[in-house]
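Asks: Letter by letter, the chains look like this.
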Amino acid sequence: MTTLIGTIRESLRYKGREGQIAWMGHRLAGLGTLLFFVIHVVDTSWVFFAPELYSEAIALYKSPLFLLGEVGLMAAVIFHAINGLRIAVMDWRPQLWKYQRQISVATFAIIAILFVPAFIIMAGHIIEILSSGAGGVAGL
Amino acid sequence: MATNGTVKVELRVRRYNPERDEKPYWGSFEMEAEPEDRVLDLLHHVQWYLDGTLAMRRSCAHGVCGSDAMRINGQNMLACKALVKNLVRGGKGRIQVEPIYGMRVIKDLIVDMEPFMEHYRSVMPYFVNDEPAPENGRERLQSPEDRERFDEATKCILCAACTTSCPSYWANGTYVGPAAIVQAHRFIFDSRDKAGKDRLAILSQENGVWRCRTIFNCTTACPREIPVTQLIAEVKGAM
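Protein chains in written order, with the numbering used here: chain A, 1 to 140; chain B, 141 to 379.
Incorrect hints may appear among the rest.
What the hints assert, rightly or not - Straight-line C-alpha distance at most 25 Å; calculated BS3-like pairs for lysine-lysine:
1. LYS247(B) x LYS15(A)
2. LYS221(B) x LYS295(B)
3. LYS221(B) x LYS98(A)
FYI, nobody ran anything at the bench for these hints, they're computed from the structure. Just so you know, these numbers come straight off a predicted model, no measurement behind them.
Given the sequences, and given the hints that come with them, work out the whole structure.
Replies: If you want it as structure tokens, here you go:
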């Protein structure tokens, strides 16, 4: 009797703790990564089917919006990977449930630690692209 | 807190009478309560003195029968175990009560428990052993260690607080849910029972344990403090 909309609404309304927050993040990160993957497969296929569209797509990836999206993609991949490991560990060693709060906090900390250097490298790359004038293709 | 030690509470209750209302709405009741009052006491106050049409379930009123599970201030719990002092900070505040989510609302706080019971029955929640009883006619003996193995699972009172706190269950009502898995655990790990494989076969199906996403809402919601997620993971491990 429940619906997708109902599940999303109740996931936002129910006051779950770290586990629920991590689950929602995991779903969002997974779906976001999947979306990128699908787009990427489609645009790569244009190399064969529509080369001129492929060039446009590659140029579009250098627009500020997509460069920012790449940072989000990196965050999503790191989150999904590390949180996935947490879930696997919790299923593998059920007795650790007593420490699930601490393990969740540690997981979030590891994600942040891994994301910071990735962000610095990517931000440098973005600044380089934008200052070279290669960006702005999408008019953003 | 008021001078006489009481607390001013605005009790918001999700109301719905399918025979009369087009959609659910929030009813609001103001009252003074003792910090040690339970949410059940507040609901009784509404039912007995303010609005007799309020519908809810309760039986023992002492956390044993499990009939008054509801969502209180955003979390599933038993109304008879939820104290005002743990929900309201300072001298006044709001307590929000709504039916557990994922099951059809019959009226106000009463939901149709039949789908939940159907999942419970589906995991064979009874002792199976067709071997002859011991010759001395006494019970099948079990060591304290073997008894301890499934002790936590024996505490379940089938209140449905865990199952209806589970996003996987919200998304898919055919998932057997945490409570049914706990009930299966109680027999799967009982050294005297002989139908563990049958139960594991049932739980390894599409709507069995693998729909658990290790979210831990069930563990926090359980009024009997059963480590539900741990027991589910143990069943996963036994597959």
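Asks: Now, for every hint given, state plainly whether the structure supports it.
Replies: Hint-by-hint comparison with the structure:
1. LYS247(B) x LYS15(A): Holds, because 24 Å separates the two Cα atoms, which is no more than 25 Å.
2. LYS221(B) x LYS295(B): holds, 16 Å
3. LYS221(B) x LYS98(A): Judged against 25 Å, a Cα distance of about 22 Å means the pair holds.
When each numbered hint is compared with the structure, no violation occurs for any of them.
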